[in-house]
Amino acid sequence: MSNFRKALIAGTAAVALGASIFVGLAPIASRASSHREAPLTAADPQIDNTDLYAFRSPDQPNSISFVSSWIPFEEPAGGPNFYLFAEHTNYDVNIDNNGDARPDIIYRWTFTTHYRSGATFLYATGPVTSLNDPNLNIYQTYDLTRIRNGNSVVLINNAKVAPSNVGAGSMPNYNAHLFNAAVSTTGAGVRSWVGQSDDAFFLDLRVFDLLYGGNFSEAGDDTLTGFNVNTMVLSVPRGQLRGPNDSVIGIWNTASRPSMRVQHTDGTQTFSGNDVQVSRLGMPLVNEVVVPVGLKDYFNASKPKDDAQFLPAVNDPELPHLLNAVYPGAFPTVLDSNPNQAGIQRSDLVTVFLRGLPGLNRPVGGSASEMLRLNMDTPLCGTGGAPACSRLGVLAGDVQGFPNGRRLSDDTIDIALRVAMGVLLPNHDPAAETLGDGVDANESPFLSTFPFVAYPHSGSDPSPH
Amino acid sequence: MTRAGRTVLALTLAVALFAVGGIGLLRRPGDAAGSPAAPAAADPAALAVAPGSQEAAIATLQQRLREVPGDWNAANDLGLAYVQEARVTADPSYYPKAEAVLAASLRTHPDDNAGAYVGLAALAAARHDFTGALRNGERARRLDPYGGAVYGVIGDALVELGRYAAAGSAFQKMVDIAPGLSSYARISYVRELHGDVAGAVLAMRAARRVAGTARDTSWAAYQLGELAWNAGDLAGAADRYREAEQLDAAWIPSRAGMAKVAWARGHVTTAIARYREVVALYPLPEYVVALGDLLWTTGDRAAARQEYGLARAEAALFRANGVNVDLELALLDADHGRAGAALRAARVEWGRRHSIHVADALAWALHAAGHDAEAIRFERRALALGTRSALFRYHLGMIELGLGRRSAGVRDLRTARAINPHFSILGVPAARSALARAGASG
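Chains as they are written, first to last, in this note's numbering: chain F, 107 to 571; chain Y, 3 to 444.
If you're looking for bench data, these hints aren't it; they were derived computationally from the structure. Take the hints with a grain of salt, since some may be wrong.
Claimed, not checked - Each computed BS3-like pair below joins lysine-lysine, with the alpha-carbon atoms no more than 27 Å apart:
1. F:K409 to Y:K175
2. F:K411 to Y:K175
3. F:K402 to Y:K175
Isolated chain F (complex conformation):
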C-alpha cells in the first residue's frame, strides 16, 4: 500500500521505478567473493495494493463484488511487459461482518507459476488463442480458499489467470479468448476472475504535489491513463457474507508471506516460518491523507482491531494544513468538529474513515477501525426508487457509492479532497464543495457484467498514455 501511494506522490517518477531496478544496491568495486550484492528493494510491486473496491454487483444485485488491484504502473508495451502475482504469498480479502474489527471470512488467492518449456523464458512462443494454448509458455494458476471460523475450504482449484496483454501479434483476440475466458464459478454462486486489467483508478497525480509545496492549478489529466494492474475480482452471494446483526460488512485487503529463520541451531532447515502481513488496504487515500510518513510501514503491518492508535492522526490530518499553506485565505475556517474541546477534533473524518456513516454503513456495536464499509442492502443507484447515480457518491445523495463501499466509477479523489476539507461539517468553507482534480471518469469503459473492470491496454498500442 504505502509504496503505491509513495509512487503516486512521486508522480510519474514511479512509472519507471519498479522494484527491480533497485536490485543490488551494493558496492561494485568489490570481488564477488568478498561482498554479496543483495537487492534492497525500495518497492515491492507484487505486494503493492493499489485499490480495493466493493459494491453490489450490477449484473447480480443479490451478490457483492470485490475488486483488488496490485502491481501499479504496469507498462503495456516495452519488454518485459508481462506481470505475475508472487508465489509464496497470500492475497486476502478480509471481511468483518459483526463489527468487531476482526476478519470473520477471508477469501485467499495463492498462485503457482508454470513454465511449459524449460528451454525458454519467453512469455509466448506463438499466437495465444486460449488459456490452455501451449504457446503461452509462462502462465499462472491460482487456488481460491475461503477461511471461516478457522476452517479452510478450497472453493476454486487450479484456475487459470488471464495473461498480460502483450500485444495483438501474440494475442490476436485477447478480450474474448483470454480475458473473458478466465471467469471461474462454483456451485454456490461464487464467481472469481484473476488477470490483467486497466487501472480503474482515475485521478490527476499532480494533486499530490501539494505535499511538496506545489499546487494543483494544472489538474485535469488522468495520470493513470494507459497503465494496467493485476486484479482479482470476486463475486459472492450476499447471504454468504451477512453477519448476525445487520447487513454492513467491513472489507480490507492484506498480503502476507512466510518469514524464515536466519539460522537453525538444530541443523534442520524449514522453508517457511510464520506468515507476516506485508500490506494492508481498506479505504482509499488513508495512507496519504491520514497516516504520517513515518508510520506507513507500520500501518501496512497493523490490524484493524488495533486502529484506535491512529485516532490522533485521523483527528488532525495533514491535508488541510497543506492546503491552507499553499492557498492562504482560501479556507479561512479552522476545521474542527468540536471547537469547545482542546485540540483539533474531526469527528466527521473519524466517521468516514473509522466508523461508517450512521444509518447507512455503520455496523451495530462497531469499534473504530479503518476498513471499507458496505451496506449490502442499499439499492443499486438509478433503479426502482433509488437515487440517481453520481461519481460523487454519498456527497451527491447517491448512497450506493463511496464511502458506502466503493464502485469502480466513484470519483474517490474529489470525494476525499472535499471530505478532508470539511464538506461534511456544517460550518465548512464553500470552496470545499468544488474541490477536485479535474478528472471525473476513467479513460476506459468498465464492463457492465462480471468481472466489471476494463480490458487492459494492449502491448501493441503505440501510445497508451
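With chain F held as given, fit chain Y onto it using these hints.
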C-alpha cells in the same frame, strides 16, 4: 547496459586512464575486441533511452525534481537510482551525484525522512564506508522502525564490519517484518557464510519464487548459480547462469558466470573471448582481473598486465569518487607480485573492520610477504564461521605449507579442491603445483 550508460562509462574511463598516465588501451562501447579507439563523444543515439530502463527512470526523476523541487521522496528515489546506476555501469561518478541529491532531500525535509538515511546508508556501503552505512542505517531505524530496507542496510553494514551475530539479528528482524526477495536473499547469504549451503540454497529458491519480474527472477537464478559454483557443482551452476541469461540478457554477471564455466570446462579460448565481451560491457574490476588471470595462465603476460593495469586504474577512479578499495587492492596485489603494497592495504582495512574477508585478504597478503606465522592466525579467523570457502581453504593450505606443516597443508589444499575444484583461475594450478612439490598427487 544501454548505449547511454556505456558512453558515460567510456568517457569516465577515458578520463581515469588519462589521469593515471594512460595504459594505451581504451575500450569502446560494444567493441568486444578492445582495439584502440577514441571514446564515443557525441553519439546522438546515446541520448535515446529505453522506456522502463534505469536511464529512463533517472531522467524521469530528474524531470520531476525540476518541476517540483520540493519532492523529497523523488529525491530519495533518485539518490538510490544513482547508487544503483553506479553499480550497473561500474561508473563511480554517480556517487557524488547521489550524495548531492540525498543532501538536498534532507535540506528540504529534515525531519521524518528515513528514506534519505536509507539512501545515504546504501551510498556509504557502496563506497565501502561501512561504519558510515551503519550510522545512517541506525538514523533511518529511529525514524522508521518498521521499514524492511532499514534493517537491510543495517545488516549489510554489520556483515561487512564482521559483526555477524548482530547482522543475523538485523536480517531476522527484516524478514519478520518484510519477508520477500530482499530479506530471503540476505538470509541466504548469512547461511552461506556460516557454512549452511543447503539452507542458503533454500532461502535463495524462496527469493526466486517471490520474484515476479524477469529481472528479479534472473538475479535470484544467478545467485543460485553462484551457490552451485561455490559448491563445485559445475553443471548446476551452468544451468542457473543460462537461466539467468535467458530471463534477462542485460544482466551481465550471468554472462561472466558462463565465461567462468567455459574456463572450468577447459575451453580457455572461449572463456577469454567471453570475458572480453563481459568486460567491454561491464568492466567490473573483478572481471578485468579474471580476464587478466586467464591471459596470464596462457602465458600472455603482457596482455595480462594490461588488464591488471586497467583494474588498478579503475581502483584509482573509484578512490577519486570516494570509494575505499583497500581490500580489493590487497587481493589484487597479493596475487600479482606486490606483496608490500598488498600488506599495507590489508592492514589499513583490518584497522577499519574485522570481517572474514578482510581477515582472509590480510592473511593472504602476509603469506605473499613471507609472514606465514602471522598469516595463519588471520586465515583461521577467516574460517571461524565455518564458511565452506574453497578459496579460504586454499589460502590456509598454502600458508601451512609455507610453515612446513606438510600434512595439514596437503589436507587443506585437498579440501579446497573437494569443495570446488575450480575455485580460482590462478589458485587451481598453484594448488596443483604445491601438492606436487609436497609429494602429494591431489
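Here's how the hints hold up against the structure:
1. F:K409 to Y:K175: Holds: K409 (chain F) and K175 (chain Y) sit about 19 Å apart, inside 27 Å.
2. F:K411 to Y:K175: holds, 23 Å
3. F:K402 to Y:K175: OK: K402 (chain F) and K175 (chain Y) at ~17 Å, within 27 Å.
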